[in-house]
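Chemist: Going line by line, the protein sequences match chains A and B.
Numbered according to UniProt numbering, the first sequence spans residues 1 to 269.
Numbered according to UniProt numbering, the second sequence spans residues 1 to 413.
What the hints contain is simulated information worked out from the structure, not anything from laboratory work.
Remember, it's a predicted structure, so these values are computed and weren't measured experimentally.
Heads up, a few of these hints could be off.
Under the rule of at most 20 Å between Cα atoms (straight-line distance), these lysine to any residue pairs were calculated in the SDA-like manner [as the list claims (entries may be wrong)]:
| hint | chain 1 | residue 1 | chain 2 | residue 2 |
| --- | --- | --- | --- | --- |
| 1 | B | Lys-285 | B | Glu-309 |
| 2 | A | Lys-119 | B | Asp-310 |
| 3 | B | Lys-42 | A | Asp-159 |
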Amino acid sequence: MDRLASRFAACKAQGRAALITFVTAGDPDVASTPAILDALVAGGADIIELGMPFTDPMADGPAIELANLRSLGSGTKTKHIFALAADFRARHADTPIVLMGYANPMLIRGADWFADQCKAAGVDGVICVDIPPEEDAEIGPALRAAGVHLIRLATPTTDAARLPAVLDGASGFLYHVSVAGITGKQSAAQANIEIAVDKLKAATDLPVAVGFGVRGPEQAAAIGRIADGVVVGSAIVDIIGSHGDAAAPFVQDFVATLRDALHIRETAA
Amino acid sequence: MTDTLSLPNSLRSQPDASGHFGAFGGRYVAETLMPLILELEKVYKTAKADPAFDAEFAELLRSYVGRPNPLYYAGRLTEALRAKAPAGKGAKIYLKREELNHTGAHKINNCIGQALLARRMGKKKVIAETGAGQHGVATATVAALFGMECKIFMGAKDVERQKPNVFRMKLLGAEVIPVHSGSSTLKDSMNDALRYWVSNVHDTFYIIGTAAGPHPYPELVRDFQSIIGKETRAQIMEAEGRLPDMLIAPVGGGSNAIGLFHPFLDDPEVAMIGVEAAGEGLDGKHAASLAGGVSGILHGNRTYLLQDEDGQITEAHSISAGLDYPGIGPEHSWLHEIGRVQYMPIKDEEALTSFQTLSKLEGIIPALESAHAVAAAEQIAPTLNADKIIVINLSGRGDKDIFTVADALGVEM
Numbered sequence: 001m002d003r004l005a006s007r008f009a010a011c012k013a014q015g016r017a018a019l020i021t022f023v024t025a026g027d028p029d030v031a032s033t034p035a036i037l038d039a040l041v042a043g044g045a046d047i048i049e050l051g052m053p054f055t056d057p058m059a060d061g062p063a064i065e066l067a068n069l070r071s072l073g074s075g076t077k078t079k080h081i082f083a084l085a086a087d088f089r090a091r092h093a094d095t096p097i098v099l100m101g102y103a104n105p106m107l108i109r110g111a112d113w114f115a116d117q118c119k120a121a122g123v124d125g126v127i128c129v130d131i132p133p134e135e136d137a138e139i140g141p142a143l144r145a146a147g148v149h150l151i152r153l154a155t156p157t158t159d160a161a162r163l164p165a166v167l168d169g170a171s172g173f174l175y176h177v178s179v180a181g182i183t184g185k186q187s188a189a190q191a192n193i194e195i196a197v198d199k200l201k202a203a204t205d206l207p208v209a210v211g212f213g214v215r216g217p218e219q220a221a222a223i224g225r226i227a228d229g230v231v232v233g234s235a236i237v238d239i240i241g242s243h244g245d246a247a248a249p250f251v252q253d254f255v256a257t258l259r260d261a262l263h264i265r266e267t268a269a
Numbered sequence: 001m002t003d004t005l006s007l008p009n010s011l012r013s014q015p016d017a018s019g020h021f022g023a024f025g026g027r028y029v030a031e032t033l034m035p036l037i038l039e040l041e042k043v044y045k046t047a048k049a050d051p052a053f054d055a056e057f058a059e060l061l062r063s064y065v066g067r068p069n070p071l072y073y074a075g076r077l078t079e080a081l082r083a084k085a086p087a088g089k090g091a092k093i094y095l096k097r098e099e100l101n102h103t104g105a106h107k108i109n110n111c112i113g114q115a116l117l118a119r120r121m122g123k124k125k126v127i128a129e130t131g132a133g134q135h136g137v138a139t140a141t142v143a144a145l146f147g148m149e150c151k152i153f154m155g156a157k158d159v160e161r162q163k164p165n166v167f168r169m170k171l172l173g174a175e176v177i178p179v180h181s182g183s184s185t186l187k188d189s190m191n192d193a194l195r196y197w198v199s200n201v202h203d204t205f206y207i208i209g210t211a212a213g214p215h216p217y218p219e220l221v222r223d224f225q226s227i228i229g230k231e232t233r234a235q236i237m238e239a240e241g242r243l244p245d246m247l248i249a250p251v252g253g254g255s256n257a258i259g260l261f262h263p264f265l266d267d268p269e270v271a272m273i274g275v276e277a278a279g280e281g282l283d284g285k286h287a288a289s290l291a292g293g294v295s296g297i298l299h300g301n302r303t304y305l306l307q308d309e310d311g312q313i314t315e316a317h318s319i320s321a322g323l324d325y326p327g328i329g330p331e332h333s334w335l336h337e338i339g340r341v342q343y344m345p346i347k348d349e350e351a352l353t354s355f356q357t358l359s360k361l362e363g364i365i366p367a368l369e370s371a372h373a374v375a376a377a378e379q380i381a382p383t384l385n386a387d388k389i390i391v392i393n394l395s396g397r398g399d400k401d402i403f404t405v406a407d408a409l410g411v412e413m
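Start from the sequences and build out the full structure, keeping to the hints where you can.
Modeler: Printed below as a string of structure tokens:
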């Protein structure tokens with residue numbers, strides 16, 4: 001079993017959803033990122049989503065857009081992101097890392113180069129926001145050849161007719177984008193999330209993680225009762241926005257509240 | 001480079017079924033938008049085959065836009081260039097008068113077509129991005145015509161620079177939303193329009209202003225703008241009894257250029273020049289994606305982009321807000337790679353000079369975008385024999401640019 005599968009299985013064995021936390025690599029700067037990543041792990045994150053900054057993050061709301069600009073403004077380059085991932089892998093052998101970002105920075109040197117770098121740095125999976133299944137040939141074959149998961153997104157607009165196309169070639173886990181919108185803005189109604197997760201779980205054996213608009217412990221706990229994973233991004237990124245290079249302890253405290261909330265399922269069940 | 005032996009029989013049959021023009025184009029959007037993009041493709045295919053759709057489009061172009069607009073022989077410009085050229089040189093220059101359209105540019109052709117599609121899809125709200133405000137005004141105009149709710153995303157810097165157009169859009173009933181993200185210009189207004197669209201995809205149609213974005217936009221914008229080339233073809237046959245030797249058009253995203261070029265792509269005797277904005281020069285700040293960019297993915301399509309070695313998009317610069325964009329329509333990237341169209345950079349200062357030249361010689365104040373094409377023609381015409389014919393696409397009128405030009409010339413208004 002690979003790192004992602006083992007981690008989801010371990011969480012399941014504990015009777016809880018996996019906590020997936022997002023931060024942008026190099027936010028506020030490359031030097032501060034290792035401490036922030038360690039704080040995520042210390043707070044109880046199960047899987048790290050590491051954002052690759054891009055000048056034009058079209059699927060992101062203001063919080064993550066600002067994080068992208070802070071990172072690029074402080075000089076973050078692609079080589080730094082892979083170095084951050086490789087160093088993290090050396091410190092945390094078992095915590096999966098998923099790179100999340102946009103096609104252009106991933107593909108500028110070719111998909112094979114990108115896939116090789118991912119493999120070498122110990123990256124477990126990739127989420128590419130603007131590569132739908134129709135354009136899989138750009139990145140999918142290279143990642144699969146390198147043994148890196150391509151994590152696909154299902155959204156409220158992904159209907160039953162389209163879902164098979166999304167699942168074809170999906171691996172690692174399935175990321176359910178709970179709102180038709182951008183990151184960190186509105187939150188979906190719990191009832192709608194439940195209906196969507198049920199449908200997705202009926203269609204795939206992959207773990208289903210829910211993200212977009214999950215801002216606090218209560219919401220994370222509610223989603224954690226039905227999904228295999230809960231993704232929290234903008235709320236953490238906001239803390240980094242407020243505290244800058246001193247953010248690590250605040251990030252750790254916040255992540256711990258999320259993780260504590262996910263344990264409630266054990267007692268409630 | 002594409003192998004020329006493997007080129008299709010017709011250069012007019014692109015894109016392929018998945019929306020690619022050679023290696024360019026495609027559908028690089030978030031999953032949330034994919035179902036809508038696929039539906040749009042279906043609706044457009046049906047509309048394209050429906051004579052009633054075509055008839056309504058043609059009627060609106062006639063009675064509302066004022067088409068056909070003239071193909072005008074620019075005699076004084078032609079003679080002025082001949083006077084400086086060697087004996088027997090100096091091609092005959094015609095202007096395709098897109099600036100005479102309602103709202104003053106070619107943009108309206110496309111907006112009418114897309115509004116008809118929006119109505120077919122049952123969408124009552126439209127959004128658009130705009131740089132200088134021309135596409136915003138055209139979109140606000142058709143929204144008023146069709147009784148649709150309209151939001152225009154415009155970079156905060158451009159809102160400040162283009163106050164008359166902002167007021168026009170408001171008069172037409174549109175809401176203008178200033179965009180503060182990124183560099184607060186055209187590229188950022190497109191980002192924010194996409195962010196709004198992804199959040200309101202159930203009831204909103206995005207009227208993209210140029211022949212770019214995810215498939216099927218580059219195809220349908222080109223088709224709606226092809227009226228320019230079709231009219232030019234008929235008009236030059238009537239005036240000269242033959243096809244022109246060269247077409248020249250400015251290229252930002254490239255919708256007016258592809259509209260003029262496309263009906264002539266299979267006529268090898270017709271040379272074509274797309275004019276990119278070279279800003280302060282290719283070694284300084286510019287907006288020439290083909291001359292200074294490499295292939296990448298942005299705003300839904302693969303195309304040439306201005307970017308750094310990490311794939312971060314770099315800021316474009318042109319005195320013409322309509323050309324101030326770091327990318328170009330994917331069909332132009334393809335036509336550039338196969339060599340069918342030549343692309344030529346023209347600097348701010350050259351465009352400024354031609355802006356004044358055309359005003360004084362022909363009594364036509366061109367848009368700064370169009371002035372780039374005039375500048376290219378001024379360089380090329382004197383090198384061609386006097387029996388050659390050039391058609392310039394005068395894509396828009398320059399009223400909107402008088403403040404920018406006055407400022408550049410140091411004139412207080």
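Chemist: Does each hint hold? Answer for all of them.
Modeler: Structure-based check of each hint:
no.: 1; hint: B:Lys-285 x B:Glu-309; in the structure: holds, 17 Å
no.: 2; hint: A:Lys-119 x B:Asp-310; in the structure: holds, 19 Å
no.: 3; hint: B:Lys-42 x A:Asp-159; in the structure: holds, 17 Å
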